[in-house]
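**Student:** Starting from the structure of chain A, add chain B where the hints point.
Protein chains in written order, with the numbering used here: chain A, 1 to 110; chain B, 1 to 119.
The hints are simulated quantities; they were obtained by calculation from the structure and are not laboratory data. All residues carry an ideal CB built from backbone N, CA and C; glycine is no exception. Treat the hints with care, as some may be off.
Only part of the chain B face toward chain A is listed, based on derived beta-carbon distances under 10 Å [said to hold, decoys possible]:
| hint | residue |
| --- | --- |
| 1 | 60 |
| 2 | 78 |
| 3 | 91 |
| 4 | 95 |
Over the 12 Å line for every Cβ pair with chain B, so calculated as not near, a few chain A residues [as the list claims (entries may be wrong)]:
| hint | residue |
| --- | --- |
| 5 | 13 |
| 6 | 18 |
| 7 | 75 |
| 8 | 102 |
| 9 | 108 |
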Amino acid sequence: QSVLTQPPSVSAAPGQRVTISCSGSSSNIGNNYVSWYQHLPGTAPKLLIYDNDKRPSGIPDRFSGSKSGTSATLGITGLQTGDEGDYYCGTWQSTLSAGVFGGGTKLTVL
Amino acid sequence: EVELLESGGGLAQPGGSLRLSCAASGFPFDSSSMTWVRQAPGKGLEWVSSLTFNGGSTHYADSVKGRFTISRDNSKTTLYLQMNRLRADDTALYYCVKGGIYSSGLDYWGQGTLVTVSS
Chain A
1 QSVLTQPPSV SAAPGQRVTI SCSGSSSNIG NNYVSWYQHL PGTAPKLLIY DNDKRPSGIP
61 DRFSGSKSGT SATLGITGLQ TGDEGDYYCG TWQSTLSAGV FGGGTKLTVL
Chain B
1 EVELLESGGG LAQPGGSLRL SCAASGFPFD SSSMTWVRQA PGKGLEWVSS LTFNGGSTHY
61 ADSVKGRFTI SRDNSKTTLY LQMNRLRADD TALYYCVKGG IYSSGLDYWG QGTLVTVSS
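Bound conformation, chain A alone (with noise of 0.2 Å):
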C-alpha cells in the first residue's frame, strides 16, 4: 500500500475533461516536488508532468499539473483513446529519503 493515494480507475468520454488526484502527507507531497507519469500499455512510462506543473518538451498542454498542500492533480483535456492507460503520481518521501509512487489509476476512455 502507497504512501500516495490515487483512485484505482477514472473514466470519461473522448473529447472530455478528467483529472486524478494523488494525496499524500508533509512528509511527501507537502514539502516535495510532485511528478506525473503515463504508462500505456507496452511501452515504457513517460514523463508528463514534473516539479508539480511544469511539462517536458514534447508534452501537450492538454496535460496539467497542480499542487495545493499535500495533494497534487492531474489534468488531462480533450481525452483521445490514445491516453488509455496507467498515470502514477511520484514525489520524495523525506522520512525514508526516498522515492514514492502513487498506487496508479487506470484511465478508461469510453
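**Tutor:** Only chain B this time, still in chain A's reference frame:
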C-alpha cells in the same frame, strides 16, 4: 537521442544474485542523477534506488535496503544494480531511468529488463 539499454536480467534462484547494467547515451551521463524503478507483474511502479551524478549519495527503498547496491561508472556511461539475497517478490521488470524523482522528474526510461526469482 537519449538511449538507456538495460541488460543482465534473467532467472535467479531465491537467495541468489544478479547484476543489472544500463548503458546510457545521448546525454551528459556524468552530470545526471539516475534511478532504478521496477514493476512487478500486475502491480504498479515501485521506486527502487537512485544515486547522484557522481555516485556520492545513494538512496534505497526499504524493501531492498541491505540487499541491493546501486553504482555507476561515468567513464563507461553505465549504471548498475547489484542484487543479492534475491526473493520471489523481487520478480519484476526493472527500468533504468534518467533523473531523480526529487527534482525535475524521471525524464527518460529504458525499456526494462525482466528479473524472475524462482526455484
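**Student:** State for each hint whether it applies.
**Tutor:** Taking the hints in turn, this is what the structure says about them:
no.	hint	result
1	60	7 Å, holds
2	78	19 Å, violated
3	91	18 Å, violated
4	95	7 Å, holds
5	13	26 Å, holds
6	18	19 Å, holds
7	75	17 Å, holds
8	102	8 Å, violated
9	108	17 Å, holds
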